[in-house]
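Number of protein chains: 2
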Amino acid sequence: MFKQVLIGVVCGSAILTIGILIGHFGITKSGDSAPSWVEDVSKDVDENLIQEFLSQVDNVNIQENLRELTKVPHMATTPGDEQTVQFMLKRWQDPETGLDRAWREEYKVYLSFPDPNKPNKVTVVDPSGSVLHTAREKEKPYYAEQEDAAVVQPFAAYSPPGNPKGKLVYANQGKLSDYERLNQTVDLRGTIAITRYGGVGRADKAINAEPYGIIGVLVYTDPLDINDGLLSDTNETYPHSWYLPPSGVERGSFKTQFGDMLTPYLAAKEETYRIPETDIKGLPPIPIQPIGFEDAYILISELDGAAAPNDWQGGFNCTYNYGAPGFKPTSRFKDSNVSLDIFNSAKTLNSSNVMGVIRGSVEPDRYVIYGNHRDSWVHGAIDPSSGTSVMLEITRVLGRLVKQGKWRPRRSIIFGSWGAEEFGLIGSTEYTEEYFTKLSERAVAYINVDIAVFANATLRASGMPSMQNVIFKAAKQVSAPGQGSTNVYENWKRYFNRTSPTHGLIPRLGYLTGAGSDYAAFIHYLGIASMDMSYTYDRSKTNARIYPAYHTAYDTFDYASKFIDPGFVSHQAVARTAGNILLRLADSLVLPLNCSDYAESLEKYLKTAVDLYQEPLQAKKISMEPLKRAVASFRKASESLDELIRSSDLANETPLKVRKINDQLMLVDRAFLNPLAFKDKYGFRHTIWASSNAGTSTFPGLADAFADAESSGLSSDWDHVHYHLSVVSQAIEGAASMLTDVI
Amino acid sequence: MFKQVLIGVVCGSAILTIGILIGHFGITKSGDSAPSWVEDVSKDVDENLIQEFLSQVDNVNIQENLRELTKVPHMATTPGDEQTVQFMLKRWQDPETGLDRAWREEYKVYLSFPDPNKPNKVTVVDPSGSVLHTAREKEKPYYAEQEDAAVVQPFAAYSPPGNPKGKLVYANQGKLSDYERLNQTVDLRGTIAITRYGGVGRADKAINAEPYGIIGVLVYTDPLDINDGLLSDTNETYPHSWYLPPSGVERGSFKTQFGDMLTPYLAAKEETYRIPETDIKGLPPIPIQPIGFEDAYILISELDGAAAPNDWQGGFNCTYNYGAPGFKPTSRFKDSNVSLDIFNSAKTLNSSNVMGVIRGSVEPDRYVIYGNHRDSWVHGAIDPSSGTSVMLEITRVLGRLVKQGKWRPRRSIIFGSWGAEEFGLIGSTEYTEEYFTKLSERAVAYINVDIAVFANATLRASGMPSMQNVIFKAAKQVSAPGQGSTNVYENWKRYFNRTSPTHGLIPRLGYLTGAGSDYAAFIHYLGIASMDMSYTYDRSKTNARIYPAYHTAYDTFDYASKFIDPGFVSHQAVARTAGNILLRLADSLVLPLNCSDYAESLEKYLKTAVDLYQEPLQAKKISMEPLKRAVASFRKASESLDELIRSSDLANETPLKVRKINDQLMLVDRAFLNPLAFKDKYGFRHTIWASSNAGTSTFPGLADAFADAESSGLSSDWDHVHYHLSVVSQAIEGAASMLTDVI
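Protein sequence lines correspond, in order, to chains X and C.
Per numbering that gives the first Met the number 0, the very first residue in the first sequence carries number 0; after that it's consecutive.
Per numbering that gives the first Met the number 0, the very first residue in the second sequence carries number 0; after that it's consecutive.
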């Protein structure tokens with residue numbers, strides 16, 4: 000009996016266990032089983048995937064991308080440009096490593112070109128009309144690249160055509176103060192000014208000159224500013240080093256606004272309304288032409304007058320004279336004029352963006368955007384193809400993961416290969432104008448990597464302070480090329496750093512206050528958190544204002560691979576860092592944007608503003624208290640939000656709670672926008688990061704208005720200071736209100 | 000053995016079953032049990048709750064709300080206004096029927112008042128200086144209400160002070176064309192014009208007059224326009240009927256822009272920058288004063304000249320003469336002048352909004368906003384207290400459900416009791432300026448119920464076409480007062496209807512193109528889907544341009560309860576309909592906004608535009624194809640979205656998919672905004688619904704630009720037509736792009 004009972008109990012237990020197992024695992028609960036999407040919506044970024052991405056980013060692939068992209072010159076809208084369009088499409092539509100979808104978007108935009116049949120000329124002409132000297136029309140060839148027929152003659156895009164002829168004067172950098180000073184020593188009417196690159200924007204050198212009666216401007220790159228003083232191409236400059244050969248000329252866009260000039264605030268489609276060309280603002284009013292320092296030396300060394308001030312002297316082995324127009328009486332150019340014959344003309348042509356997307360799995364209606372322009376002035380190995388090569392390697396790795404079914408981002412990723420950036424950020428700007436609302440409502444962030452590698456010393460990055468944390472996190476996971484076990488973050492901190500009240504000694508993230516690349520429309524016009532990064536110089540080793548072959552016919556694959564980044568390891572480090580940031584923005588459950596870091600920057604701006612303006616404003620009965628209160632509100636709101644994120648178990652709460660927080664983080668920069676605050680600055684709407692002329696690192700509208708009021712003393716200008724104080728205070732209060740508990 | 004086996008099998012089966020049951024129900028699955036929030040996030044609107052709401056809305060409560068709200072005059076910023084602030088706060092903070100939270104928000108705004116110690120005067124003065132007639136200073140009292148010391152003297156808010164004196168002329172409605180015509184018959188310099196209300200905005204009567212040298216303006220309500228011709232207070236007008244007594248005077252705001260005039264596009268906080276008063280635009284340049292038709296008759300009946308045109312004649316038993324300034328030679332006023340002594344002055348005072356919220360359970364960061372102003376000119380029983388009484392009844396019913404724990408909306412509901420609307424929609428506008436980004440990003444819709452009941456015949460509603468469906472649905476569930484079993488929808492269709500290509504015969508939903516009430520800043524400035532509704536007249540029974548006691552001292556509880564809505568059943572119908580719409584917007588899983596109905600309106604606008612403009616534009620080489628393509632894109636996108644909603648099982652999909660669709664629906668009106676398109680129209684940014692002067696029911700920027708170009712013939716004006724065509728085409732394409740699949 001005992002045995003039978005024992006058997007019964009054992010069998011019974013076994014059957015019960017089987018039953019329990021069947022009941023638990025074998026039968027789906029009808030009412031409360033978790034829907035399949037519950038796990039998906041709470042998934043966070045996968046650190047293993049990040050590691051896989053980092054390991055797959057390949058330097059040789061980047062090198063080969065660059066080789067392909069730089070085969071021919073690809074200035075915007077030329078056949079070479081079309082070749083790169085096709086190349087991008089092919090890569091992004093590749094069935095094994097491509098994106099979900101890729102396509103082209105065209106805009107018909109206002110460009111400016113020299114006449115291939117009538118090249119621009121710069122000559123020295125004596126009183127009898129004999130030409131004593133003619134500046135080089137094209138750069139000196141060292142390799143086949145420079146001899147490519149598609150190399151465009153150096154020119155100043157948007158310079159008007161014309162044939163000014165007059166006595167030459169040296170005008171330093173063509174700043175307003177330079178012409179003012181020069182004007183005190185000599186009557187400038189009817190003269191031609193020769194200026195160095197630097198100090199002010201390209202177009203400003205002509206815009207500033209015109210009121211003094213100057214009729215034409217030359218611009219060149221001084222060896223002091225670019226070559227650490229080196230001059231000779233027999234052994235010093237490219238092809239012997241990265242330095243600029245004497246005949247190298249920086250091309251560029253000579254205009255002060257970004258985007259297509261004929262269709263302000265509208266996408267430049269075929270039938271879009273275009274303003275009359277005569278209504279365009281911010282173009283050079285007089286002809287201007289860039290030349291090489293070889294020719295500049297010939298002109299400057301013969302100039303009459305007294306020695307110009309010390310800070311006007313450059314790198315030539317001669318005294319830079321000023322004060323008398325024209326050449327020395329002892330010169331072979333004595334009594335001669337300098338003549339500019341400029342045949343540029345404007346053309347309205349179709350320029351293409353190439354777009355590619357990876358569709359997000361959980362939040363397809365949230366976009367992380369990554370972009371760079373595709374067009375160059377000549378072969379553009381560094382500018383912009385280093386960035387494009389990096390972008391192509393990132394898309395190859397991610398595309399393969401998608402095509403293999405191994406990964407799909409939480410949010411959608413949009414890649415943009417912008418057209419006509421060199422003519423003034425045109426492709427990216429038209430894109431933001433066409434998709435204004437869609438991007439305003441959905442874009443989480445924009446990552447810009449234009450020139451990926453200026454030099455191979457260190458990372459440099461600029462962006463919203465809210466992005467600091469994710470940039471640091473990514474940089475810590477990437478090893479610094481050539482630095483042993485040091486990572487990109489630690490290496491960066493060695494070169495650029497600051498002491499944060501919160502974080503102590505950290506790398507210095509720059510501010511995106513200008514319009515130097517395609518991030519401009521994203522941050523300034525749309526208020527989308529943006530960043531820009533590259534590898535760059537060791538400033539203790541060079542004073543070059545930019546890499547010396549910039550915008551010249553020497554910016555080639557040969558140059559890049561020999562002198563900028565042999566082995567392409569800095570490219571690789573940038574691809575890894577930028578891709579890591581991209582992945583974190585796309586995949587993190589909670590967006591990796593930190594508003595307390597934003598508060599720190601606002602507090603820094605506030606301190607500067609109070610130090611500089613509070614006393615004089617009190618005298619005008621204008622109170623800075625609203626601004627102080629606003630910054631304090633923002634600080635408080637951002638810390639509450641941080642605390643909410645820290646204290647919540649967001650992976651196990653409704654996905655709408657995460658979305659609410661993410662929307663707060665995403666939209667904080669939108670709150671800083673004011674479409675009416677900067678009426679004279681095209682496309683600038685961001686009240687914190689708009690460009691400023693005042694040269695003070697604080698709220699730009701306030702700084703500019705204060706500078707104006709202080710200089711004019713007009714009560715209407717002091718009113719304008721008060722206006723900007725209200726604008727920025729209310730913008731910051733609005734942002735704080737976005738971050739505060741929602742109702 | 001068999002028995003043993005049988006027992007074994009039975010026991011085994013029983014144990015197995017028990018095991019299965021334990022396993023299935025007794026043990027929580029670790030990995031895949033549904034989190035508690037899964038059910039909440041997919042909940043749709045509860046029809047039982049709607050029925051409960053409808054049954055609880057009580058007409059007597061509304062009546063008592065009105066009685067309380069109209070105890071004293073409550074013009075903005077007066078002690079009576081403060082009394083209503085306290086009343087709203089008390090009701091919304093009631094522990095049993097109040098909201099989650101209620102508070103006050105103050106703005107310091109620019110207002111205009113007469114001087115209580117020096118009343119404005121209108122007199123007839125003979126050449127010797129004797130006063131032959133003085134217009135009434137205050138309306139004739141019939142009850143105690145009219146004798147309340149807080150009844151403000153009739154005045155034209157924002158009229159400048161001044162003492163113009165001159166010959167009187169009759170100028171019809173003070174339209175531009177009226178003055179033009181009058182100017183052909185008489186030299187208007189130095190005259191005083193008397194005008195009827197109607198035809199143009201109040202301020203325009205003075206703005207249009209000034210260029211002709213007119214120095215002062217009177218305005219009155221003609222019995223023809225308001226009283227169906229009735230005149231006598233012995234038996235015809237109030238207190239015998241709803242008609243305006245002879246001494247009744249419509250007060251009003253005489254300015255053309257909305258919002259605080261000193262702080263354009265900024266919230267009017269204590270320390271906000273204020274523009275100089277001299278920079279204010281859109282105010283009367285010369286003194287203007289409203290009078291009763293009793294006094295107007297005395298003046299007009301004595302006027303010299305010939306009979307004015309037929310359409311200038313009004314309801315008086317006399318000929319309205321024009322053509323000679325001043326009075327008839329046979330009149331006792333012969334050779335006399337009319338003198339205006341206006342002592343209005345501007346004051347910058349604190350005005351309050353009272354805000355209340357019910358926090359949303361699932362999507363607290365989505366707002367459905369319901370509002371009405373609180374301030375009146377005098378007791379304001381109909382304008383605005385009928386609307387406020389309705390709002391208070393809605394908040395009582397919803398507040399109680401919340402406090403009882405029976406209900407909490409999916410989305411947050413914000414109630415706004417706006418201040419200083421009568422002075423130009425000031426409280427609501429400042430609110431939108433202060434919370435610009437927050438509201439732009441989160442507001443689903445705005446419901447405005449200002450005057451809830453003009454008369455008791457039928458519902459009338461205006462709003463975004465996307466809201467048509469939810470308004471219809473709600474109106475069908477409410478029975479029409481006094482119409483047996485007919486519902487509000489069917490009754491409405493009898494009075495106002497149209498034939499829709501999609502829906503056949505339906506009630507006609509109006510467009511919100513003006514700035515007549517507090518919806519203006521929500522739709523025009525912020526692009527938030529908005530609607531406005533009320534019960535109104537049977538137009539076959541009266542021609543009154545508005546309910547006759549409008550803005551007079553007769554708009555009292557007595558008037559409203561006797562002559563506008565005895566029994567308050569129309570108020571009840573409005574409360575039920577508006578509350579039903581509110582509940583559906585707040586609780587529906589998928590927002591009840593329909594973009595195909597929007598497409599229908601765009602197609603109607605397009606047809607009108609093509610009919611009127613295509614030929615003349617072709618002659619100017621301006622193509623309308625981009626506009627046609629844009630409307631077609633919008634139609635296609637809206638139908639795809641409809642189809643997606645129809646074909647998806649959204650209750651069982653990730654809540655982020657519903658959110659994505661809801662964001663598309665919510666944000667479509669934002670895409671129509673352009674902050675630069677209407678530079679001369681303050682606060683108007685919506686390219687579809689902005690106000691228009693052209694009088695054509697089509698895209699407003701296009702219509703106005705076309706009218707200007709046609710009249711001037713200037714090529715720059717034709718350019719402007721092309722500009723507006725591009726603006727509206729790209730706005731519609733942008734909206735279509737928002738509705739299209741997101742990536």
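It cannot be assumed that every hint is accurate.
The list treats identical chains as one, so a pair stands whether inside a single copy or across any two.
List of simulated lysine-lysine pairs, DSS-like, C-alpha gap at most 27 angstroms [said to hold, decoys possible]:
{"hint": "1", "residue 1": "Lys42", "residue 2": "Lys656"}
{"hint": "2", "residue 1": "Lys268", "residue 2": "Lys678"}
{"hint": "3", "residue 1": "Lys107", "residue 2": "Lys620"}
{"hint": "4", "residue 1": "Lys475", "residue 2": "Lys405"}
{"hint": "5", "residue 1": "Lys680", "residue 2": "Lys280"}
{"hint": "6", "residue 1": "Lys540", "residue 2": "Lys164"}
By construction, these hints were calculated from the structure, which means they are not laboratory data.
What hints, given by number in increasing order, does this structure fail?
As far as the earlier hints go, only 6 is violated by this structure.
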